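Please build the complex by placing chain B on the supplied structure of chain F, with the hints as guidance.
This is what each chain is made of:
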Amino acid sequence: MRIEKRLQPSQTMVYLSPVLALVLTVIAGGLLFAALGHAPIASLMIFFIEPLRDTYGWSELAVKVTPLLLCATGLTLCFKAKIWNIGAEGQFVFAALIGGAVSLQLTEVEGFWVLPVILLSGVLAGMAWAGIAALLLTHFNTNEILTTIMLNYIAVNLLLWGVHGPLKDPAGFNFPESALFAEHTLLPLLSFDYRVTVALFIALFMVVVIWVLLARSLLGFQLRVLGENRNAARFAGFNSRAIIWFLLLFSGAMAGLAAISETNGPVGQLIPTLSLGYGYAAIIVVFMGRMHPVGIVLASMLLGLTYLGGEMAQIDLGLPKSITGLFQGMLLFFLLGCDLLIHYRLVLNGRATGVATT
Amino acid sequence: MDLALLENILFATVRTGTPLLVVALGAMISERSGVLNLGQEGMILVGAACAFIAAYSADSLLLGVIIGALAGALVSLIFAFVALTLISNQVATGLALTIFGTGLSAFLGAEYVGQSIEGMTRVELPLLHKIPLIGPALFGQDLMVYLGLALFALVFWTMRSTRLGLIIRAVGENPQVAHALGYKVLVVRYAAVLFGGAMAGLAGAYLSLSYAPMWAEGISAGRGWIALALVVFASWRTERILLGAWLFGFASILHLLLQGFGYDVPSNLLAMLPYAVTIVVLVFMMSRKGAKGLFAPRSLGQPYHPPQ
Numbered sequence: 001m002r003i004e005k006r007l008q009p010s011q012t013m014v015y016l017s018p019v020l021a022l023v024l025t026v027i028a029g030g031l032l033f034a035a036l037g038h039a040p041i042a043s044l045m046i047f048f049i050e051p052l053r054d055t056y057g058w059s060e061l062a063v064k065v066t067p068l069l070l071c072a073t074g075l076t077l078c079f080k081a082k083i084w085n086i087g088a089e090g091q092f093v094f095a096a097l098i099g100g101a102v103s104l105q106l107t108e109v110e111g112f113w114v115l116p117v118i119l120l121s122g123v124l125a126g127m128a129w130a131g132i133a134a135l136l137l138t139h140f141n142t143n144e145i146l147t148t149i150m151l152n153y154i155a156v157n158l159l160l161w162g163v164h165g166p167l168k169d170p171a172g173f174n175f176p177e178s179a180l181f182a183e184h185t186l187l188p189l190l191s192f193d194y195r196v197t198v199a200l201f202i203a204l205f206m207v208v209v210i211w212v213l214l215a216r217s218l219l220g221f222q223l224r225v226l227g228e229n230r231n232a233a234r235f236a237g238f239n240s241r242a243i244i245w246f247l248l249l250f251s252g253a254m255a256g257l258a259a260i261s262e263t264n265g266p267v268g269q270l271i272p273t274l275s276l277g278y279g280y281a282a283i284i285v286v287f288m289g290r291m292h293p294v295g296i297v298l299a300s301m302l303l304g305l306t307y308l309g310g311e312m313a314q315i316d317l318g319l320p321k322s323i324t325g326l327f328q329g330m331l332l333f334f335l336l337g338c339d340l341l342i343h344y345r346l347v348l349n350g351r352a353t354g355v356a357t358t
Numbered sequence: 001m002d003l004a005l006l007e008n009i010l011f012a013t014v015r016t017g018t019p020l021l022v023v024a025l026g027a028m029i030s031e032r033s034g035v036l037n038l039g040q041e042g043m044i045l046v047g048a049a050c051a052f053i054a055a056y057s058a059d060s061l062l063l064g065v066i067i068g069a070l071a072g073a074l075v076s077l078i079f080a081f082v083a084l085t086l087i088s089n090q091v092a093t094g095l096a097l098t099i100f101g102t103g104l105s106a107f108l109g110a111e112y113v114g115q116s117i118e119g120m121t122r123v124e125l126p127l128l129h130k131i132p133l134i135g136p137a138l139f140g141q142d143l144m145v146y147l148g149l150a151l152f153a154l155v156f157w158t159m160r161s162t163r164l165g166l167i168i169r170a171v172g173e174n175p176q177v178a179h180a181l182g183y184k185v186l187v188v189r190y191a192a193v194l195f196g197g198a199m200a201g202l203a204g205a206y207l208s209l210s211y212a213p214m215w216a217e218g219i220s221a222g223r224g225w226i227a228l229a230l231v232v233f234a235s236w237r238t239e240r241i242l243l244g245a246w247l248f249g250f251a252s253i254l255h256l257l258l259q260g261f262g263y264d265v266p267s268n269l270l271a272m273l274p275y276a277v278t279i280v281v282l283v284f285m286m287s288r289k290g291a292k293g294l295f296a297p298r299s300l301g302q303p304y305h306p307p308q
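Top to bottom, those sequences are chains F and B. Mapped onto this note's numbering, the consecutive letters of the first sequence carry residue numbers 1 to 358. Mapped onto this note's numbering, the consecutive letters of the second sequence carry residue numbers 1 to 308.
Hints were generated in silico from the structure; no laboratory data involved. Only a predicted model underlies this, so the values are computations on that prediction, with no experimental measurement involved. Ideal Cβ positions, reconstructed from N, Cα and C, are used throughout, including at glycine. Among the hints, a few may not be true.
Chain B regions said to be covered by chain F (calculated; three or more residues, Cβ under 8 angstroms) [stated by the list, open to error]:
#1 84–97
#2 214–224
#3 263–269
Across the chosen pairs, the derived CB separations fall in these ranges [unchecked claim]:
#4 B:Leu243 to F:Gly131: 28 to 36 angstroms
#5 B:Thr162 to F:Val14: 43 to 51 angstroms
#6 F:Tyr15 to B:Glu111: 39 to 47 angstroms
Just chain F, same shape as in the assembly (with noise of 0.2 angstroms):
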């Protein structure tokens, strides 16, 4: 057997396969469980069906799907472009920093205006972080893969010594956690019964932009062209380092959207281990979803299910909470092979083709 290029990238293999690399992931996964001394199928039942069992677990999909969903809106006008930003995560963690210690201090005061602020401050915040890797890329052409990550870390750090010093909850036995929030500074649930809050609407609301913005503007044509090549982008005249700062600001004001999420959501407090990776998954998600709006919903459903899987995993079958993580690896390293298949197809021996092979 031997891999052949094809003449053109084939549509239907770019929408087969993520379900495809899903598919193969269960399979390993199975194995996996298999090696591990459990009943395949019925760990797999557990990881992938039961969560979503009931309306309680579709209502926790969403509470998982809100922060991927915001995270991805971003990275997938990032990625279009080739901007590869991987600093979500840090954009995240700085905002849920900054957006935490706003609503600390609006503890005390009441007010419509409260709920704005405490989002505006986090959407800010996630800026600003990334618009140090915006500056770094326009100006000092440094490696964005790199600034960011650094970035990532340097957050992490910030969020620990914030826990761990002046955000520390003066009543809370020298846990490393803030105060819980008050009531008034958190996002309006849905329903009672639920964890779900408005932010799924605003998360929703936001594929619809950038679904517009790709399809229907400018915008979505110079992203494209940038990230084919950015010399032609040039000689069209686009301004790129606007577009860079752009697409830097605008992932991390989502970045930022998804931390308020979090922490004025289900959350309710700063904790050290606030996110839960959501900006390294979300780059997942805009794989799997093929940079496209309706995909990134559906992915975000999926690498949604791995975390709710991988709680289920630890407490059905006392598999430790680290199964997601490697779920999430597997996906995305299946899609990636997967994706094989757009530009290539596989060509058994001794079946010529006559198709040109340069």
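Below, chain B alone, put in the same frame as chain F:
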């Protein structure tokens, strides 16, 4: 500043720089062959976890080191297969390796958190370690530090004066020409990636068997990424990698120095220093005139599909 303090600083600098040196040497070889593997962090973590588990279970540090290197190479094989054989985007595949490796290491090591082993001891080379100032730093360390320096010498010699070094460079600069000359581009690249994986695994073993010595989730703390920055800083030149590793090692222990002088800075803020220094160094490197990727291997990160 007295001599003893200076000696201690140099000692700690070399010790802290060793894992960075080892990872960066592997990453550099991989990049010189044209493969950008951003999965260093994941490979270090898997190496560290496997090394600790092996050393703890078999009560043998040597076995731990070997298993660590093998584990690093094994996970790098996944990357190599997806990136080289299945011709995927190397950036994304490297990220996948880091996400996967972080999860896998935490998964494997979950039962070993909080366990302790007797870490590696220092081996003082006779007479040499008594040299003032640099003696303890270079000749009073544990065996892994010496191994790191030996590997440095090996890579330096290979890249500078062997045919193998020439082939690796040719494959990284222009795979089409290397192929035309009869070299197996993919074989060379596979070998380079596997070597990088083994080196990252070794660095992980060093962290969990000597530097810490223990297993904790995310024990590598971004060293894989710092090492990648280090390769850029060194402009893909072996000798500069050693200097860079020591520079970054020094940046990582700056906080000890500040605390030693009685400055009361919160430890979490000091922990940011190596990452901040990395950014500053990257800016410095790239803002020099004409430095824009001047020394980067020309086919770095570009997939290669051998003609049939």
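- Task: Hints the structure violates: just list their numbers, smallest first.
- Result: Failing hints: none at all.
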